[in-house]
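Colleague: Next come the chains, spelled out residue by residue.
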Amino acid sequence: KAGVTQTPRYLIKTRGQQVTLSCSPISGHRSVSWYQQTPGQGLQFLFEYFSETQRNKGNFPGRFSGRQFSNSRSEMNVSTLELGDSALYLCASSLEGGFGSNSPLHFGNGTRLTVT
Amino acid sequence: KQEVTQIPAALSVPEGENLVLNCSFTDSAIYNLQWFRQDPGKGLTSLLLIQSSQREQTSGRLNASLDKSSGRSTLYIAASQPGDSATYLCATSRTGRRALTFGSGTRLQVQP
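Top to bottom, those sequences are chains X and S.
My numbering applies: residue 9 is where the first sequence begins, and numbers increase by one.
My numbering applies: residue 1243 is where the second sequence begins, and numbers increase by one.
Please note that the accuracy of each hint is not assured.
[As the list claims (entries may be wrong)] No more than 25 Å apart at the CA atoms, straight line, and that leaves these computed lysine to any residue pairs for SDA-like:
1. X:Lys-21 <-> X:Leu-103
2. X:Lys-21 <-> X:Ser-59
3. S:Lys-1284 <-> S:Ala-1320
4. X:Lys-21 <-> S:Pro-1282
5. S:Lys-1310 <-> S:Thr-1247
6. S:Lys-1310 <-> X:Lys-21
7. S:Lys-1284 <-> X:Leu-19
8. S:Lys-1284 <-> X:Gly-92
9. X:Lys-21 <-> X:Leu-96
10. X:Lys-65 <-> S:Tyr-1318
11. S:Lys-1243 <-> S:Ser-1346
12. S:Lys-1310 <-> X:Gly-11
13. S:Lys-1284 <-> X:Pro-112
14. S:Lys-1284 <-> S:Tyr-1318
15. S:Lys-1310 <-> X:Pro-112
[As the list claims (entries may be wrong)] Which residues of chain X face chain S? A few of them, derived with a C-beta cut under 10 Å, are:
16. Val-12
17. Pro-16
18. Ser-41
19. Phe-115
20. Arg-120
21. Thr-122
I should point out that these hints are in silico values taken from the structure, not numbers from a laboratory.
A virtual CB, placed ideally from N, CA and C, is assigned to each residue, including glycine.
Turn these sequences into a full structure, and let the hints guide you.
Modeller: Written out as structure tokens, the structure is:
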């Protein structure tokens, strides 16, 4: 069974530009969540989608947005990039994701975004 | 607000040694706790998930315990191998939803 696939693997962007990252979950998984990983802040939750609906959002500015499609694939978008947005962006999928869920998260290998 | 702490930040041990990684959390109202490993430049691999009603979970040479009342979890690795070298992270979920709170990790190096 294929794992979580994230594309692209690496991205270099300039301040002020916008970027879109893509995530394909494990087949059958309906919950997709996104995390940002930096050396200073560690892993921080961005948002979670389930059946095309955003169910939860972390403490990030509105420049960070996402969506989920009917096939459970998800994209996240960052507009007006800042130097501090340089990070590894990780996508994770799980079978479920609602209250009372004990489905483990399965992560992709991430997209390394560098903002210059 | 939940805070998750992992001590030590780094650990180096000789091959074959049994070791314990520690994870503590400030809010005991968790639904589950998950242990992950992360290899350099890679994503996270789920190792064990302990539900709040459970005391421990085992998978192969790994054993994770959970003591909610004291806000602690430990990951025990038996007979460590060089292939175990990685960063180990623990994360809590308050409701079962996907907004996990992660610790900063323990970087483990197993010397051959």
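Colleague: Indicate, hint by hint, whether the structure satisfies it.
Modeller: Okay, the hints, checked on the actual structure:
1. Of the pairs offered as hints, the one joining Lys-21 (chain X) and Leu-103 (chain X) is violated, with about 33 Å between alpha carbons and a cut-off of 25 Å exceeded.
2. The hinted pair formed by Lys-21 (chain X) and Ser-59 (chain X) fails the criterion: a straight-line CA distance of about 31 Å is larger than 25 Å.
3. Among the hinted pairs, Lys-1284 (chain S) with Ala-1320 (chain S) is consistent with the structure: their alpha-carbon atoms are about 24 Å apart, no more than 25 Å.
4. A C-alpha spacing of about 23 Å is found between Lys-21 (chain X) and Pro-1282 (chain S), which places the hinted pair at or below 25 Å, so the restraint holds.
5. With a C-alpha separation of about 14 Å, the suggested pair Lys-1310 (chain S) and Thr-1247 (chain S) falls inside the 25 Å cut-off, and the hint holds.
6. Between the alpha carbons of Lys-1310 (chain S) and Lys-21 (chain X) the distance comes to roughly 44 Å, so the proposed pair goes past 25 Å and is violated.
7. The suggested pairing of Lys-1284 (chain S) with Leu-19 (chain X) holds, with an alpha-carbon distance near 15 Å, which does not exceed 25 Å.
8. Straight-line distance between C-alpha atoms of Lys-1284 (chain S) and Gly-92 (chain X) comes to about 21 Å, which keeps the hinted pair within the 25 Å bound.
9. Annotation: proposed proximity of Lys-21 (chain X) to Leu-96 (chain X) holds, straight-line Cα distance about 14 Å (limit 25 Å).
10. Straight-line distance between C-alpha atoms of Lys-65 (chain X) and Tyr-1318 (chain S) comes to about 33 Å, which puts the hinted pair past the 25 Å bound.
11. A hinted pair counts as satisfied when its Cα atoms are at most 25 Å apart, and Lys-1243 (chain S) with Ser-1346 (chain S) qualifies at roughly 16 Å.
12. Restraint check for Lys-1310 (chain S) and Gly-11 (chain X): the C-alpha separation of about 32 Å exceeds 25 Å, so the hint is violated.
13. With a C-alpha separation of about 18 Å, the suggested pairing of Lys-1284 (chain S) with Pro-112 (chain X) holds against the 25 Å cut-off.
14. Between Lys-1284 (chain S) and Tyr-1318 (chain S) the CA atoms are separated by roughly 23 Å; this keeps the pair inside 25 Å, and the hint holds.
15. Restraint check: the Cα-Cα separation between Lys-1310 (chain S) and Pro-112 (chain X) comes to about 19 Å, which is no more than 25 Å; the hinted pair holds.
16. Checking Val-12 (chain X) against chain S by beta carbon gives a least distance of about 7 Å; that is within 10 Å, so the hint holds.
17. Taking 10 Å as the C-beta contact cut-off toward chain S, the hint placing Pro-16 (chain X) at the interface is violated, the least distance being around 14 Å.
18. Checking Ser-41 (chain X) against chain S by beta carbon gives a least distance of about 4 Å; that is within 10 Å, so the hint holds.
19. At its closest, the beta carbon of Phe-115 (chain X) sits 4 Å from a beta carbon of chain S; the interface hint therefore holds under the 10 Å criterion.
20. At its closest, the beta carbon of Arg-120 (chain X) sits 8 Å from a beta carbon of chain S; the interface hint therefore holds under the 10 Å criterion.
21. Given hint, Thr-122 (chain X) at the interface with chain S, is violated; its Cβ is 14 Å from that chain's nearest Cβ, farther than 10 Å.
Checked against the numbered hints given earlier, the structure breaks hints 1, 2, 6, 10, 12, 17 and 21 and satisfies all the rest.
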